[in-house]
Each structure stands twice: as C-alpha cells, then as structure tokens.
Amino acid sequence: MKLKKILPQFLTLLFIVLIFGFFTMNAQENMDTRGIEFGFGFLKQEASFDIQFSLIDYDGSKSYARAYLVGLLNTLLVSVIGIVLCTILGVVIGVARLSPNYLINKTASVYIEFFRNIPLLLQIFFWYFAALRALPMPEDASLLLGTSYMTIKGLYTPAPIWNNFDVFLISLIISLIIIFFFNRYAKRKQEEAGIQYPKFLISLGIFLIIPALTFIFGGVDLQWSFPELKQLAKTSFTYEGGVGIPPELIALTLALTLYTATFIAENVRAGIQGIGKGQKEAAASIGLTPGQVLKLVIMPQALRIIIPPTTNQYLNLTKNSSLAAAIAYPDLVLVFAGTAMMQTGRAIEIVAITMATYLTISLSISLFMNWYNKSIAIKEK
Amino acid sequence: MSKVNLLKPNKENINLFLGLGVLFFTLGILDFYLNNFYEKNITGFLPGFISFFTPLIFGMIGLHFVRIEFSGIKKLDELNKNINTSNFNAALSFSIILLLIFSIPPLLNWFIFDANIAGDTKEACTGGGACWVYIKVWFNRFMYGMYPNAEQWRVNATFIIVLVFMGLGYFFPLRFKKYLTLYYVIFLPIISFLLIYYLISGGEFGLEWVETGAWGGLSLTFIVSFFSLIFCFPIGMMLALGRRSDLPVVKYSSLTFIEFWRGVPLITVLFMSAVMFPMFLPDGTYVDKLIRVIAAIVLFEAAYTAEVIRGGLQALPRGQYDAAKSLGMGYWRLHLLVILPQALKLVIPGIANTFLALVKDTPLIFVVGLLELAGMLGLAKTNPKWLGFSMEGYVFAGIIFWIICYSMSKYSYNLELKYKTDR
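Those protein sequences? They're chains A and B, same order as listed. Counting in the working numbering, the final residue of the first sequence is number 751, and the numbers go up one at a time with none missing. Counting in the working numbering, the final residue of the second sequence is number 430, and the numbers go up one at a time with none missing.
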C-alpha cells in the first residue's frame with residue numbers, strides 16, 4: 371500500500387534529477403571546452419552598444435546591467451500604456467457589444483472577430499511596416515491638433531518642462547493619501563450612521579485643488595516645449611524640442627491594444643451578461659436610479675466575473691510585448707537577449723535572467739490581482 | 008391636420024415628419040460625402056468648427072424627425088427600435104453610418120477596382136490600388152518557403168494524404184468505433200511523421216533531400232501547428248492530472264512546471280531552444296532546428312492546455328469520483344473511464360482557444376530563422392525587385408490567417424453545442 375504512494379513520487383524525482391543532472395553535466399563540459407566560465411560578472415562590463423530609445427540616461431559607456439534596466443523599463447512602459455489603453459477600449463467595446471442598437475452591436479462584434487483572429491505578430495508587422503511607413507516625411511508633415519506632427523519617424527508632441535517638479539509630485543501623493551483616508555472615513559460614516567457624502571466629487575476636488583495650489587505657493591511652473599522643424603542637411607529634416615515617440619513604440623502599443631482589447635471586451639460582455647436579470651429588476655424596484663443600479667448592484671458583481679480572466683489578459687499583454695524584438699523596439703528581449711547576448715555569448719545566464727524577469731513580472735501582476743480579487747470577493751458571513 | 012410640434016414628431020403629421028427626416032438625413036450624408044470625396048464644403052460659410060460637425064447635426068435632426076412612436080409602418084418601427092431609440096443612440100448610429108461611408112469605398116477601390124492582377128512584373132502595377140501581381144508572383148514562396156519548385160508536389164501530396172487519413176475516421180464501421188481515439192492519437196501522428204520524414208524531407212527512395220531550413224511558408228505553419236497540437240495534448244493531460252494528484256512530489260513538480268512555462272513569453276522559450284539548448288546537449292549532438300522549435304512550442308502550450316483541462320477536472324462534482332471509487336475502480340480506470348471523458352467534454356471551448364493561440368503563435372518561429380508565412384513576407388518585402396509592397400503582403404497573410412482562425416473558432420463553437428450535456 372505504501373509502495374503505491376512512494377514509487378510514483380520516487381520515479382518523478384528520479385526523472386527530474388536525471389534530466390537536470392544530464393543537462394548540467396553537458397553544460398559544464400561544453401563550457402569547459404569553450405573556455406567560458408559561468409557567472410554574472412559580465413553585467414558590470416561596458417556594454418558599448420547604443421540603444422535607440424531609452425527612458426533613463428544611457429550610452430555605450432554604461433554597463434550591461436544598465437542596458438538591462440533600459441530594456442526592462444521599455445518593456446514596462448509599453449505594457450503599462452497597453453494595459454491602460456486596452457482596458458478603456460475593451461470596456462467600451464464590451465459595453466457596445468451589449469447595446470440594443472443594431473449598428474453599434476454589429477460594429478463591435480465585427481471588430482472583435484476581426485482583430486482576435488489575426489496573429490499579433492502579423493498585426494505588429496502590418497502597423498509598423500505597412501501602415502506607419504505610409505506617413506509623410508518630417509518636412510511634409512502637417513500639424514495635428516495644432517501642436518503635434520505625425521511623421522514616418524514617429525510622433526512629435528509638445529513636452530512639459532517643469533520647475534520644482536518634485537514639489538508637484540509630493541502634492542499629488544499627499545492628495546492621494548488624503549483621498550484614501552477620506553474614503554475610509556466616508557465608508558465608515560455610511561455604515562455607522564447612514565450618511566452619504568458625494569465621495570467622487572470631493573475626491574476629484576481634492577485631487578485637483580491640492581496640486582493646483584502648488585502652482586501658486588510651491589513655485590511649481592509648467593511650460594511646454596513645442597516641436598519645431600529643423601534642417602540637418604539638404605534633404606534631411608528632424609524636429610527639435612518636444613517629445614519624439616518612435617514609430618516602433620506606436621506600432622507596438624497600437625497592435626497590443628487593439629488585439630488585447632478584443633479579449634477584454636469579451637470578458638466584460640460575459641461578466642455583465644452573467645448577472646441575473648432579477649438583480650437589475652430587484653434593484654430598480656427598491657427605487658434605485660439606473661445609474662445607481664449599474665454602480666451599486668451590477669458592476670460590483672460583474673467585476674468578480676470580469677477580473678480573473680482580465681488578469682490573464684494583462685499578463686498576456688506583458689508577455690506579448692516581447693514581440694517588440696521583431697520590429698526592433700528596444701525592449702528587454704531585444705536589448706538583453708538579443709544584442710547583449712550576441713556580444714557576450716553568455717547564452718545561459720542571459721536567457722535565465724530574461725526568463726526570471728518575466729516570471730517576476732507575471733507573478734507580481736497575478737499576486738496583485740489575486741489580492742484585489744480577494745478584496746472585492748463576496749464576504750460570506 | 009393637427010398642430011405641428013417640431014420637438015415631438017407624432018403620427019398625425021407622419022408625412023411631413025418623414026419628409027423632413029429623410030431630407031435632413033440625406034443632407035447630412037451629402038455634406039459628408041462632398042466634404043470627403045470631392046473636397047467641397049457646402050456649409051463652408053459657417054465657422055470651421057461648426058461646419059465640421061454639420062453632417063452629424065443634420066443626421067441627428069433627420070433621425071429625430073423619423074422617431075415616431077407607433078407610426079404604423081412596420082419597417083420604420085423596426086428601424087427606430089434597432090438604431091434610433093434616443094438622441095444619443097441616433098448620434099452613435101449616424102456616426103457609424105458616416106464611418107462606413109468614409110471607409111468602405113476607398114477600401115473597395117484599393118482591394119478590387121484599382122487593383123492590378125494581370126501581368127507578372129512590378130511594372131504591371133499601374134493603378135493606385137493593391138498590386139496583387141506581387142502575391143501572384145510570390146505565391147509559391149509564401150506557400151512553400153524555399154522548398155524547390157520542382158519538388159513542391161511532395162508537400163501537396165503529404166497534406167492530401169494526411170487529410171484523407173483524417174477523413175477516414177468518419178467512415179469507420181460501427182464496431183471499430185471504440186478504436187477511433189486510438190487511431191487519432193497514436194496511428195495518425197505516426198503516419199504523418201513518416202510521411203513528412205520520407206516525403207517532405209526526402210533523402211530516400213530516390214527523392215531529393217530537402218533540409219528543414221528550406222521548408223517554409225504556410226505549409227510550415229501547418230506542420231508546426233499540427234505536431235505541436237498532437238503532442239501538447241497528452242502532455243497537458245498528464246500535467247493536469249499531476250497537479251491534482253495527492254502525492255506531494257508529483258503535485259509540486261507539475262505545479263512548478265506549469266507556472267514556469269506560463270510565466271515566460273514564447274519568444275524567450277524559442278530563444279532558449281535556439282541558443283541555450285545546444286549547450287545542454289553532449290558536444291557534437293545536433294538536433295534539427297525544426298524539432299527543437301516544435302519541442303519548445305509543445306512544452307509551452309502543454310502548460311496552458313494543462314490549466315484548461317484542470318478547469319474541467321475541477322468542475323466535475325465530487326460524486327463522480329466517489330461513485331467510481333465505490334465501484335472499486337483504481338486511479339487510472341477511474342480517470343480514463345469516468346473522469347476524463349466528462350472533463351474533456353467540458354473543456355472543448357478552452358482547448359480550442361489554446362489551439363487557436365498556438366496557431367497564432369507559429370509566426371514567432373522567425374526568431375530561430377524558420378520562415379513561415381509572416382517570415383517569408385519579411386523576406387519578400389526586402390527583395391530589391393519588389394520593394395514597397397509590404398501592405399499587400401500583410402493584408403494577404405492577414406486574410407489567410409483570419410480564415411483559418413475564424414473557421415477554427417466557429418468549428419469549436421459547433422463542437423461545444425454538439426457535446427453539451429445538461430446537468
């Protein structure tokens with residue numbers, strides 16, 4: 371009887387140990403014959419390659435560790451933008467999918483069926499190599515919304531120039547803390563005494579007024595630098611001032627957003643449809659307005675259905691952002707698993723670091739979402 | 008004729024309101040049409056901002072007049088119910104109509120009316136539309152990659168034979184029906200492998216040997232997806248069972264395996280198979296690139312399949328396990344005869360989605376230098392004789408993939424309906 375339990379476990383363990391042992395032994399041997407030593411010391415060496423687009427200060431004289439950081443930040447940047455945009459688009463499309471209006475409903479479903487059935491890589495290629503290449507050269511670009519230029523070399527928009535930005539940032543954080551405590555207070559008051567405050571309006575007010583005060587008293591100053599056309603050579607133009615967003619980033623965010631939004635839209639639709647009709651009718655019959663029905667009855671329940679699959683989509687989006695390597699957007703995979711590996715030849719260490727990084731990101735997003743999911747789950751008494 | 012209240016269209020003045028409505032509606036469309044296709048702004052005398060929105064305003068007024076409750080005209084009532092219930096709805100509907108007018112004619116022009124299909128050089132493309140000549144010339148490359156032209160019949164023959172063997176399952180006599188699963192899970196993969204090995208790869212029976220590096224195009228997409236599908240299913244099933252096992256070692260090793268593969272992007276897994284894996288093998292061993300890629304995709308997708316199957320296992324009521332155990336069934340008989348048949352039925356849509364994701368992931372194999380359809384497009388667009396046709400290429404590939412994926416998802420939906428058992 372005991373044997374029946376021990377034998378399979380023993381065999382599994384043996385299998386794992388044998389496989390790992392075999393691989394490590396071979397790796398050891400291979401590295402010995404090639405004279406490579408395992409270790410992470412190379413991270414401190416000078417990287418000596420340039421990266422097109424970087425959020426932090428970087429040039430070829432910085433270390434590989436710094437290059438890794440640049441790649442990681444670029445990955446996070448594209449993921450965060452993508453997550454925010456695809457949530458907005460996904461919710462809009464998901465609600466549109468439930469609209470009684472025939473045209474809106476059909477448009478939404480055509481959108482979903484169209485974008486979810488084409489490989490993401492193909493969509494990225496399409497935006498980058500076909501659609502964005504059709505844009506004008508910098509010298510022919512026309513003004514967009516009075517301030518920006520959309521050109522083949524990317525989008526040039528005005529950039530904010532701050533004075534005493536840290537004061538502004540601190541005031542933002544302070545206002546968020548105040549809002550947090552105010553909401554807790556309001557919730558307690560409502561539960562104890564049944565007093566309702568206009569929570570949203572007051573929160574918004576705090577969020578706007580406190581940072582605005584810093585402009586008057588804190589010496590915070592905001593100016594905009596506008597992009598201006600500048601001639602480099604006879605036929606070569608560029609823009610100076612403002613922020614230049616590279617076309618790789620635009621193509622990648624566009625493709626990731628449009629693709630992931632289809633899945634989020636389906637989740638939202640399923641979540642709202644999953645709420646029984648009786649809930650809406652019961653809520654309406656006790657005199658709640660349609661807005662209140664949505665806010666107090668439907669959404670809290672629908673969110674419980676929507677969040678778990680949506681978390682998966684956020685994770686997918688983050689992992690899919692590694693497709694950036696295909697269009698040379700300098701993300702983690704391209705910078706680190708691509709260029710840095712070519713230069714150092716340290717395949718094992720670099721692939722391991724890259725994978726570990728993605729694992730960490732995935733696990734932290736899923737931990738956070740699990741925590742959030744738990745906090746809104748039904749608390750059964 | 009009763010009093011006319013412009014704010015509240017009613018049935019008494021139906022002809023007047025219908026007339027007004029149609030007039031404004033046409034005006035809105037006309038304004039938009041002239042603006043966009045003939046660059047004539049008939050409302051140019053108004054300030055720029057207002058003149059920009061006039062089509063929408065006209066359209067909304069038109070739809071407002073048409074919104075007559077209980078008009079007695081069936082078509083009109085249906086129209087109002089579907090697209091015109093309130094001003095907000097009317098604005099949205101009209102915007103969508105404008106969007107369709109704006110986008111469909113140029114798209115049709117590009118696709119069909121201005122497109123070129125005759126001829127076989129770049130010079131044949133004179134119109135402003137798509138140059139399908141490009142697709143026509145490169146068609147063989149897109150389908151078969153670098154596979155030699157004279158040998159392409161071998162690829163076709165393999166696919167046809169495999170399809171025939173797949174279809175044979177339908178014509179099994181009733182008394183052999185119980186071996187059907189066996190046939191599909193074991194026999195068919197072996198046949199396909201032998202066919203691919205001897206017919207596509209060649210090297211024996213007087214067939215010229217074609218290295219896997221030359222395989223490519225859509226046929227490679229099929230080969231990779233087919234084998235990944237076949238292998239990731241049993242592995243995923245084992246992992247799912249392992250994860251639900253009572254034995255701690257089995258449980259946690261399955262769990263770690265699944266979470267690891269689900270946590271990393273496929274592109275890094277492919278990188279691993281390309282650059283890291285050879286380091287892990289004895290010196291001098293060479294595993295073909297294609298096999299390494301398929302192995303990587305199988306491990307990756309098996310983790311996802313395992314999670315889907317686990318969902319099905321969890322959804323089964325406990326009574327099923329208890330009942331089977333009380334009949335004296337052991338672990339394997341219990342799972343093979345009672346649990347898995349029911350659980351797999353439950354997870355058909357999930358599995359189909361995983362397989363769909365797998366097919367959509369195949370273009371990624373470009374990172375290890377295998378060029379399937381999307382990779383071949385990349386190669387074709389850098390050909391100096393055919394510069395500037397990337398749009399046509401990607402649209403073509405998009406249509407092909409869309410057809411494959413859409414039909415797969417519709418098929419899985421039908422399967423779901425077919426196998427639905429009410430509880």
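In short, the hints are calculated from the structure, not lab data. Some hints here could point you the wrong way.
Unchecked claim - No farther apart than 27 Å at their CA atoms in a straight line, the calculated lysine-lysine pairs in the BS3-like style are these: (1) A:LYS476 - A:LYS559; (2) B:LYS332 - A:LYS476; (3) A:LYS665 - A:LYS557; (4) B:LYS88 - A:LYS374; (5) B:LYS392 - B:LYS352; (6) A:LYS372 - B:LYS81; (7) A:LYS432 - A:LYS569; (8) A:LYS476 - B:LYS82; (9) B:LYS392 - A:LYS476; (10) B:LYS81 - A:LYS476; (11) B:LYS88 - A:LYS650; (12) A:LYS557 - A:LYS569; (13) B:LYS296 - B:LYS352; (14) B:LYS88 - A:LYS476; (15) A:LYS372 - A:LYS476; (16) A:LYS744 - A:LYS557; (17) A:LYS476 - A:LYS523; (18) A:LYS476 - A:LYS650; (19) A:LYS650 - A:LYS665; (20) A:LYS523 - B:LYS332; (21) B:LYS258 - A:LYS744; (22) B:LYS143 - B:LYS392; (23) A:LYS523 - A:LYS604; (24) B:LYS392 - A:LYS647; (25) A:LYS665 - A:LYS647; (26) B:LYS258 - A:LYS375; (27) B:LYS88 - A:LYS372; (28) A:LYS374 - B:LYS82; (29) B:LYS332 - A:LYS375; (30) A:LYS432 - A:LYS414; (31) B:LYS143 - B:LYS81; (32) A:LYS569 - A:LYS650; (33) A:LYS414 - A:LYS559; (34) B:LYS392 - B:LYS417.
To be verified - Derived DEER-like restraints, expressed as beta-carbon distance ranges: (35) A:PRO378 - B:TRP160: 32 to 42 Å; (36) B:TYR259 - A:LEU373: 18 to 28 Å; (37) B:MET153 - A:LEU539: 35 to 45 Å; (38) B:PHE146 - A:ARG404: 11 to 21 Å; (39) B:TYR328 - A:GLY405: 53 to 63 Å; (40) A:PHE408 - B:LEU201: 21 to 31 Å.
Idealized CB from N, CA, C, for every residue including glycine.
(message) Hinted pair, alpha-carbon criterion (27 Å max): LYS143 of chain B, LYS81 of chain B. Please report holds or violated.
(response) Measuring from Cα to Cα gives roughly 49 Å; hence the hint is violated.
Within 18 to 28 Å or not, the Cβ separation of TYR259 of chain B and LEU373 of chain A? Check passed, 21 Å falls within 18 to 28 Å.
Point to revise | Given pair status - LYS557 of chain A, LYS744 of chain A, alpha carbons within 27 Å | key: 19 Å, holds
query = Is it true that the C-beta distance of PRO378 of chain A to TRP160 of chain B lies inside 32 to 42 Å, as the hint says?
reply = Violated: the Cβ-Cβ distance is about 49 Å, outside 32 to 42 Å.
Problem - Pairwise hint evaluation, LYS557 of chain A against LYS665 of chain A, where the allowed Cα distance is 27 Å at most - result: 15 Å, holds
**Asked** Given the proposed pairing of LYS392 of chain B with LYS352 of chain B, does the C-alpha separation stay at or below 27 Å?
**Response** Answer violated: LYS392 of chain B to LYS352 of chain B is near 52 Å, above 27 Å.
query: Straight-line Cα separation of LYS81 of chain B and LYS476 of chain A no greater than 27 Å?
result: 22 Å, holds
- request: Decide if the proposed pair is consistent with the structure: LYS557 of chain A and LYS569 of chain A, CA atoms, cutoff 27 Å inclusive.
  value: 9 Å, holds
Distance restraint between LYS650 of chain A and LYS665 of chain A, which requires alpha-carbon spacing of 27 Å or less: 11 Å, holds
Look at the Cβ atoms of TYR328 of chain B and GLY405 of chain A and judge whether their distance stays inside 53 to 63 Å. Given about 57 Å between the Cβ atoms, the range holds.
Problem set entry | Pair hint LYS88 of chain B and LYS476 of chain A, alpha-carbon separation not exceeding 27 Å | Distance of about 15 Å is within 27 Å: holds.
Holds or violated: LYS392 of chain B with LYS476 of chain A, Cα cutoff 27 Å?
Violated - the C-alpha atoms of LYS476 of chain A and LYS392 of chain B are around 42 Å apart, more than 27 Å.
Comparing the model with each earlier hint shows violations of hints 1, 2, 4, 5, 6, 7, 9, 13, 15, 17, 20, 24, 27, 28, 31, 33, 34, 35, 37, 38 and 40; every other hint is respected.
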